[in-house]
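These are the residues of each chain, in order.
2 protein chains.
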Amino acid sequence: MVDIRCYLQERKALVDEGLARFLPEEENYPAAIFQAMRYSVFAGGKRVRPILAIAAAEAVGRTADDVLPLACALECIHTYSLIHDDLPALDNDDYRRGRLTNHKVFGEANAILAGDALLTFAFELMGDARHWKQCVPERLVQVMHEVAYAVGTFGMIGGQVVDLQMEGQDIELPALQYIHAHKTGALIRTSVRSGAILGGGSPAEVEALTDYGTHIGLAFQIMDDILDVRGDEQLMGKALRKDDARRKATYPRLVGLAESEVRAQAAVAAGIAALDLLGERGAVLRDLAQFIIARES
Amino acid sequence: MVDIRCYLQERKALVDEGLARFLPEEENYPAAIFQAMRYSVFAGGKRVRPILAIAAAEAVGRTADDVLPLACALECIHTYSLIHDDLPALDNDDYRRGRLTNHKVFGEANAILAGDALLTFAFELMGDARHWKQCVPERLVQVMHEVAYAVGTFGMIGGQVVDLQMEGQDIELPALQYIHAHKTGALIRTSVRSGAILGGGSPAEVEALTDYGTHIGLAFQIMDDILDVRGDEQLMGKALRKDDARRKATYPRLVGLAESEVRAQAAVAAGIAALDLLGERGAVLRDLAQFIIARES
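Keeping their order, the protein sequence lines are chains A and B. FYI, in numbering that gives the first Met the number 0 the residues of the first sequence are 0 to 296. FYI, in numbering that gives the first Met the number 0 the residues of the second sequence are 0 to 296.
It should be emphasised that the hints constitute simulated quantities derived from the structure, not laboratory data. Some hints here could point you the wrong way.
Put simply, identical chains are the same to the list, so a pair is met inside one copy or across any two.
Said to hold, decoys possible - Dumping the calculated SDA-like pairs for lysine to any residue here, alpha-carbon to alpha-carbon at most 25 Å:
no. : residue 1 : residue 2
1   : Lys-103   : Gln-168
2   : Lys-247   : Arg-129
3   : Lys-103   : Pro-173
4   : Lys-103   : Val-205
5   : Lys-132   : Pro-202
6   : Lys-45    : Phe-21
7   : Lys-247   : His-130
8   : Lys-247   : Pro-202
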């Protein structure tokens with residue numbers, strides 16, 4: 000695990016540097032919106048999604064730099080979803096990653112607009128010719144389309160809607176699986192897949208990496224549920240066990256903690272199996288999959 | 000004006016038909032989000048922005064069908080901006096076009112998500128290869144990028160932020176001009192411009208149409224301000240003179256009603272002058288510009 004920790008640290012630094020460079024400066028007018036955007040983007044995220052996009056592009060023979068605008072756009076979309084999730088009308092959270100949520104600092108109106116702005120900026124960034132040294136326009140259009148689909152009503156937003164509808168209700172496993180696959184799974188899957196497409200992977204490689212993304216998206220979410228139960232509040236930097244307090248459905252609640260761990264392991268194994276086609280070029284993605292269930296925050 | 004009314008009616012029917020076809024059906028799961036999206040998209044909009052995109056594409060030799068997905072995407076973005084504008088944390092409006100606003104019908108959480116979904120869907124739609132018979136990918140990437148820029152922090156969202164900051168304050172004309180140019184002007188300008196680009200206009204044609212879009216965007220907003228003062232409440236279908244009640248800055252408040260009309264006329268004249276290059280092919284756009292200041296709602 001030493002190597003993969005270094006890899007994560009190095010790629011995270013690249014993503015952080017890219018975000019700092021691509022996002023408009025806080026000195027722009029009107030400053031409030033740029034401050035609100037940067038506040039949440041630089042609130043200590045692990046950059047899981049951009050790193051997955053980069054790792055997928057590397058697995059098909061490209062470099063991190065080749066897909067950096069895409070990687071940063073994915074993180075902007077993830078951040079927008081967190082800002083809107085935390086709003087009083089939705090989850091009404093005061094803290095995220097140990098810091099006040101966006102609307103607690105900048106007010107509700109600015110938080111709504113900062114979320115809108117990050118979502119919008121993601122597409123501005125992906126489509127910005129200045130940032131692409133070499134990029135096939137057909138592939139870029141496909142990626143922009145697929146990312147939008149993945150985070151739209153048949154993906155992330157759909158999962159969020161159902162999650163809100165189910166709050167306080169006793170739900171069954173299929174509904175929980177729908178929420179997980181859509182609310183968090185779709186963006187993780189499209190991160191891997193779009194990195195592979197933009198990286199010029201063959202159809203078979205893109206399909207293999209898409210399968211990998213589907214499985215590790217599930218593993219990631221089950222682990223989030225597990226960490227919420229057994230995690231250390233300080234490590235996670237947010238109010239834990241709140242899922243329990245609100246009766247929000249989680250894997251541990253529905254199938255128990257031990258069975259949740261079995262399912263997370265199984266999802267990681269399935270993700271790793273999907274990489275067979277890539278041989279040695281899948282090594283980093285294999286380690287990443289293992290790391291997902293080994294992490295403690 | 001008879002001809003332009005027919006033109007508007009015909010193009011509006013095309014846009015309405017396109018929106019009905021492109022937008023996901025309400026029967027999809029989870030139904031609430033699809034209902035909320037369609038509720039606001041089919042709430043009686045005049046389809047000004049999509050019609051401008053179509054007219055610009057026609058002016059450079061293409062048909063409405065050639066740019067219909069773009070035209071519909073622009074209307075989705077416009078609708079998202081209205082839904083979020085109306086939210087309690089922003090303008091807190093109960094009615095729009097004579098109907099309850101989205102959050103009054105579907106609740107605040109669904110309204111936030113329906114706005115997010117329409118913004119997201121706009122990019123999904125623009126990037127959807129199934130909808131483009133013939134389209135140069137480079138141009139499509141440029142258009143997606145430019146539309147995102149126009150409705151982002153340096154365009155529509157920036158205007159919205161400043162508009163909220165200025166509420167209740169005595170503001171000067173330059174601040175009002177910033178708000179108008181960004182909050183409504185940027186999307187109108189990019190509608191004309193992106194129709195011209197996707198329609199394959201020459202660089203000179205695209206620049207001429209961009210100038211036109213800038214001027215009529217201003218004319219459109221000044222007329223909105225004027226109509227808010229002198230308009231008939233029933234015709235407009237919303238609570239009028241609320242700008243005055245909230246001390247929101249408008250042209251009539253800052254420069255008077257007569258001078259506002261002079262400025263709207265001047266903006267229309269400047270827009271028409273920008274069309275010189277197009278000769279006869281600019282006829283419809285000329286009539287459209289005239290119609291903007293002749294309209295009564």
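Up to 25 Å between alpha-carbons, please classify Lys-247 paired with Arg-129: within, between, both or neither.
Answer is neither; intra-copy 44 Å and inter-copy 39 Å both fail.
At most 25 Å between alpha carbons: which applies to Lys-103 and Pro-173, within, between, both or neither?
For Lys-103 and Pro-173, the Cα distance exceeds 25 Å both inside one copy (34 Å) and across copies (31 Å).
Intra/inter-copy verdict for Lys-45 and Phe-21 if alpha-carbon distance must be at most 25 Å:
within (18 Å within a copy, 36 Å between copies)
At most 25 Å between alpha carbons: which applies to Lys-103 and Val-205, within, between, both or neither?
neither (41 Å within a copy, 44 Å between copies)
For Lys-103 vs Gln-168, is the C-alpha pair at or below 25 Å within one copy, between two copies, both, or neither?
between (28 Å within a copy, 24 Å between copies)
Lys-132 and Pro-202: within-copy, between-copy, both or neither at 25 Å Cα
Both: 23 Å inside a chain and 23 Å across chains, each within 25 Å.
I want to check one pair: Lys-247 and Pro-202. Are their C-alpha atoms no more than 25 Å apart within a copy, between two copies, both, or neither?
The answer is neither: 39 Å in one copy and 55 Å across copies each exceed 25 Å.
Within, between, both or neither: how does the pair Lys-247, His-130 come out at a Cα-Cα threshold of 25 Å?
neither (41 Å within a copy, 40 Å between copies)
The structure fails to meet hints 2, 3, 4, 7 and 8 from the earlier list, while all remaining hints are met.
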